[in-house]
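Colleague: One-letter residues, chain by chain:
Number of protein chains: 4
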Amino acid sequence: MGEREELVEELRWKKFPVLDDGFVCLVDVMGDDSSVVQAARVSYGAGTKKVSDDRTLIRYLLRHRHTTPFEMAEIKILVRVPMDCWRQWIRHRTANVNEYSTRYSVAIDSAQTTRPDEWRSQAASNRQGSGELLPTDMGEKLTASEQELHALTKSTYEARLEMGVAREQARKDLPLATYTEAYWKIDLHNLLHFLSLRMDVHAQQEIRDYSRTIGEQIVKPLFPVVWEAFEDYRMGAMFLTRLDRELIARLMQSAGKEGKTPPYSKADFLTVQDETWKELKRCRERDECFGKLQRLGIVAE
Amino acid sequence: MGEREELVEELRWKKFPVLDDGFVCLVDVMGDDSSVVQAARVSYGAGTKKVSDDRTLIRYLLRHRHTTPFEMAEIKILVRVPMDCWRQWIRHRTANVNEYSTRYSVAIDSAQTTRPDEWRSQAASNRQGSGELLPTDMGEKLTASEQELHALTKSTYEARLEMGVAREQARKDLPLATYTEAYWKIDLHNLLHFLSLRMDVHAQQEIRDYSRTIGEQIVKPLFPVVWEAFEDYRMGAMFLTRLDRELIARLMQSAGKEGKTPPYSKADFLTVQDETWKELKRCRERDECFGKLQRLGIVAE
Amino acid sequence: MGEREELVEELRWKKFPVLDDGFVCLVDVMGDDSSVVQAARVSYGAGTKKVSDDRTLIRYLLRHRHTTPFEMAEIKILVRVPMDCWRQWIRHRTANVNEYSTRYSVAIDSAQTTRPDEWRSQAASNRQGSGELLPTDMGEKLTASEQELHALTKSTYEARLEMGVAREQARKDLPLATYTEAYWKIDLHNLLHFLSLRMDVHAQQEIRDYSRTIGEQIVKPLFPVVWEAFEDYRMGAMFLTRLDRELIARLMQSAGKEGKTPPYSKADFLTVQDETWKELKRCRERDECFGKLQRLGIVAE
Amino acid sequence: MGEREELVEELRWKKFPVLDDGFVCLVDVMGDDSSVVQAARVSYGAGTKKVSDDRTLIRYLLRHRHTTPFEMAEIKILVRVPMDCWRQWIRHRTANVNEYSTRYSVAIDSAQTTRPDEWRSQAASNRQGSGELLPTDMGEKLTASEQELHALTKSTYEARLEMGVAREQARKDLPLATYTEAYWKIDLHNLLHFLSLRMDVHAQQEIRDYSRTIGEQIVKPLFPVVWEAFEDYRMGAMFLTRLDRELIARLMQSAGKEGKTPPYSKADFLTVQDETWKELKRCRERDECFGKLQRLGIVAE
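Chains as they are written, first to last, in the numbering used here: chain H, 1 to 301; chain C, 1 to 301; chain D, 1 to 301; chain F, 1 to 301.
Only chain H is shown next, with the shape it has when bound in the complex (with noise of 0.2 Å):
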């Protein structure tokens, strides 16, 4: 057995565990770093066989978006992961997929549960997230009527099946953190787009916490090269929208003329910023601008 095929076995079935019963596991891959590259050369011809080497391939075909090599890996794992989560994972629609059927079978006896150091307050700053972690008495509390709920639940589902219901029936008020089962099996450049989302600081707490198990422990060692590679230009990355590029250039410009040295002040920014934010009170576009500016340290406040 090849170094590949030794690192593919001891991947192979092995699972990490995420939340409190939920899994990631590898069950298939096929390619690596160099089937990234062959395709590549296949598009490009004998054209550039010298002129890089595959490391300095691949991080140019990922920074210049050229996706179609990256889709010639694929990776196959099964997860078992909260249905409530689910519901985001397959809103990718890239993918294969076979789920656990409750329609077939009986549903998996295990719901998320959260300890009470783990209930998260509504987000101040957006509508869609969560902020700092709820005190632990409210916790208490809560993980309480939590276990309640899912004891009436499961009563409930045995309840309907002891009584003949039928199973695609009984499932119907099933909570929405019930676990369930899937293969899912999906290409390179598509699995590192929905990584670049479900990784983000956006996306919901489980998620992530899904999508970095599968990046970190799955892909990362499969992949070496091109995770590397998107670090760099995806996680890593920011973009400028043309009023950020111009903003800067104006701000360069007055900063040269003016002999200012960096980092330049709120004012200096609001000074040279876009037209047609000067009328407006609030500006979310500037807002983010600006905290673009404070990460690159042309700005500070």
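Wrong hints could be hidden among the right ones.
Identical chains blur together in the list; that is why a pair holds if it fits in one copy or across any two.
Unchecked claim - Heads up, simulated DSS-like pairs for lysine-lysine below, C-alpha to C-alpha not over 30 Å straight-line:
{"no.": "1", "residue 1": "K281", "residue 2": "K266"}
{"no.": "2", "residue 1": "K154", "residue 2": "K141"}
{"no.": "3", "residue 1": "K220", "residue 2": "K15"}
{"no.": "4", "residue 1": "K292", "residue 2": "K141"}
{"no.": "5", "residue 1": "K257", "residue 2": "K281"}
{"no.": "6", "residue 1": "K278", "residue 2": "K266"}
{"no.": "7", "residue 1": "K278", "residue 2": "K220"}
{"no.": "8", "residue 1": "K260", "residue 2": "K14"}
{"no.": "9", "residue 1": "K154", "residue 2": "K15"}
{"no.": "10", "residue 1": "K281", "residue 2": "K260"}
{"no.": "11", "residue 1": "K257", "residue 2": "K292"}
{"no.": "12", "residue 1": "K281", "residue 2": "K15"}
Because the hints were derived from the structure by calculation, they are not lab data. Here the structure is a predicted model, which is why all the values come from computation and not from measurement.
With chain H held as given, fit chains C, D and F onto it using these hints.
Modeller: Relative to chain H, chains C, D and F alone:
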């Protein structure tokens, strides 16, 4: 306003009720029967102009699975549907979807309920379907416990929100029967494919109700010629395998030789059965074949 | 190396010739017959474990168009194919593709040529197919003029490159018969769909040659049980419309009443034909129906 | 007829010429700017109703790559395009397509021709693009030989048809520059993705001409707010990698310390370059980074 525009305006936003609190309604439509013809004629060029009228062409295309012209019409609907049913729905990956977000807003305060006379027993004949209705006295108990469960899931959800739990986490134990809403946009070919699978007798009752409503209330008036062809060539079709075909041919030949008239007996059928079936006591494929020949009036039990 | 690995290694990179200068070869494969079973069993859960053996399950799935388990296997091939044929090929949108770039590199110096005994006449029976071969003396002239044309396209292309014309522009008048190469990766379900359409008698000869080679030389040895089911339920299947079905039923009933034995005559057939056909002198749907009943041995001319 | 209907009717079937004998025209459209808003608001539920006006919401969605609401509008166009260009076009797999069939009908009697002042040299800077125009005297010769070649391909094609060769075979040596026609239907999100790639400076001139025409003549008037956002956030955007970001931050910090004002020199840039670049004489990624900082006015050469 032309006749078509009037028809569309009449349908648009008209809510066709499904289940106890769901609905489907047309939001927008691109094209009509003639769009299918228009697209087909570009493929065929001038060559086919006079060969056949529109109805004949549409029927020919559908009968011979020339699918691309049917992709040239598009329908957008708004649905209100239990999440349980929606989970099956969006397994079809060829549609565009925008769903109500229970991260962003408080969940819709409605879950599908079941009347005492609507509880279905587990099918005896297959593992995944429903059989007869359960007796009403049993149904009374089941409905009562459903109400109790819904009351608890509702109060638990509300208590979480009041205690400041993030909406994305508070929703975790909502029942699968909770209603959601979504815009769903799909081309006519893929819609017909969806309907052929979900109007089928093997589909779950709930999604069949939605499919039939979409088909009969929306697609049929908007695309009458396509719909007629769909009923003749998809819903009303029968599919014979190589083994079925060869069995019929053998049966006809031996009946011809022996001077037997139809319908033929089970014994006649078994005499000409496929070689590979002969040794088997139980054989699902043989049962299916016999069922087809019964429906064709070739055999009778 | 296990048996499977040996089989795969034996096939990998083995070029199966197609046409005068084309080929297909296996690059990589994920899964085998048992991957289909594995995926199906997660859907069915524990419920189906002992009900049926693998072959029976695979056949059941394919017969009943349960397509998702077949998406869990994946094949990657390398093809060398005339652009003309490739144009039809990539109309199938469900595959991953990396094609040789004639912007980046000089075009492959080969175009498909036709031997004097390979020129086909226009089909009389349908507008899009080929009929009989043309006489060889005509073929000699056609092949000679093909050579003359290829010589000019080749020298023109080379002259452009020598004069410094950009490759992306120089290629504009290459003949459609010019060979290209591509990696092509697709899941087993979509591959079977592709093959069922492109191995069909209505497909153009050239793409049928490629399809048959892929099917018989690559898919069949790699997925023997799936391939057998595919031949029985796809390639060898017959599809009866509602009108066909009802006609057969009427024919059986009247034959039973009148004591007639099969095969039945054209007149018998016409007596029970669909009401909507009666008024029509020419009716393609009726002709198709009669053809099916002939193949079933129910009628004879 | 409302304003919108008038606009659509004015555009519909209006042929915008592209190249010497090509065109694009609108066939149908579903939705407008407000359809994007409509779809987004169902996702957000009542929560967002008053938070932002439509333009602000559309811009927010596009800036943050919330792509699904843009899938809720759909455009159908008819194009006449050289097959060479069309080959690149249909590599985008997310559209619906019906193309003129040269199996069914005689090929369109037109191939793209090149004026003496339109011949482009091979790019020196990259392997796949075009550079300067070639001198007109050279162009005269190239155009003359193009005409000669077109004359022969045309007469050969016609001779084959006259001798009775099947259309599907006769076409095999048509030049790639032969025009074809197709209906092409795509949702707004995928259309914008197509345009961002094909209006790009790296795309071939011919497909850029088509893309710009579609974008500016059809999409812009039909979806003015979306188009403005597209120009600001896609076409005019710049993407900074992790390495770019960190370099800028280091540059700002050292400039702050050393009291240097922008723009900075190549030497300043090299001092803070990424560690992994230092050892490299040639480094494309470094060149790209320097180029970005130039465009931002941060460095100057």
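Colleague: Would you mind marking each hint as holding or not holding in the structure?
Modeller: Checked hints:
Taking the closest pair of Cα atoms, K281 and K266 come within 30 Å of each other only inside a single copy of the chain (15 Å); across copies the shortest separation is 39 Å, beyond that limit. In the homo-oligomer, the alpha carbons of K154 and K141 lie at most 30 Å apart both inside one protomer (20 Å) and across protomers (16 Å), since each shortest distance falls under that limit. For the homomeric pair K220 and K15, the shortest alpha-carbon distance inside one copy (16 Å) is at most 30 Å, but the shortest distance between copies (33 Å) is not. For a Cα distance limit of 30 Å, the shortest separation of K292 from K141 qualifies neither inside one copy, at 41 Å, nor across copies, at 54 Å.
In this homomeric assembly, K257 and K281 come within 30 Å of each other (Cα to Cα) only inside a single copy, at 28 Å, whereas the closest approach across copies is 34 Å. For a Cα distance limit of 30 Å, the shortest separation of K278 from K266 inside one copy, 14 Å, qualifies, whereas the shortest one across copies, 34 Å, does not. Within a single copy, K278 and K220 get their C-alpha atoms only as close as 45 Å, which misses the 30 Å cut-off; across copies the closest is 26 Å, which meets it. Proximity of K260 to K14 under the C-alpha cut-off of 30 Å is found in neither arrangement, the shortest distances being 57 Å within a copy and 55 Å between copies.
In the homo-oligomer, the alpha carbons of K154 and K15 lie at most 30 Å apart inside one protomer (26 Å), although the nearest pairing across protomers, at 35 Å, exceeds that limit. Taking the shortest alpha-carbon separations for K281 and K260, only the intra-copy value of 27 Å comes in at or below 30 Å, while the best inter-copy value is 33 Å. In this assembly of identical chains, the alpha carbons of K257 and K292 lie at most 30 Å apart whether taken from the same copy (23 Å) or from different copies (21 Å). Proximity of K281 to K15 under the C-alpha cut-off of 30 Å is found in neither arrangement, the shortest distances being 52 Å within a copy and 42 Å between copies.
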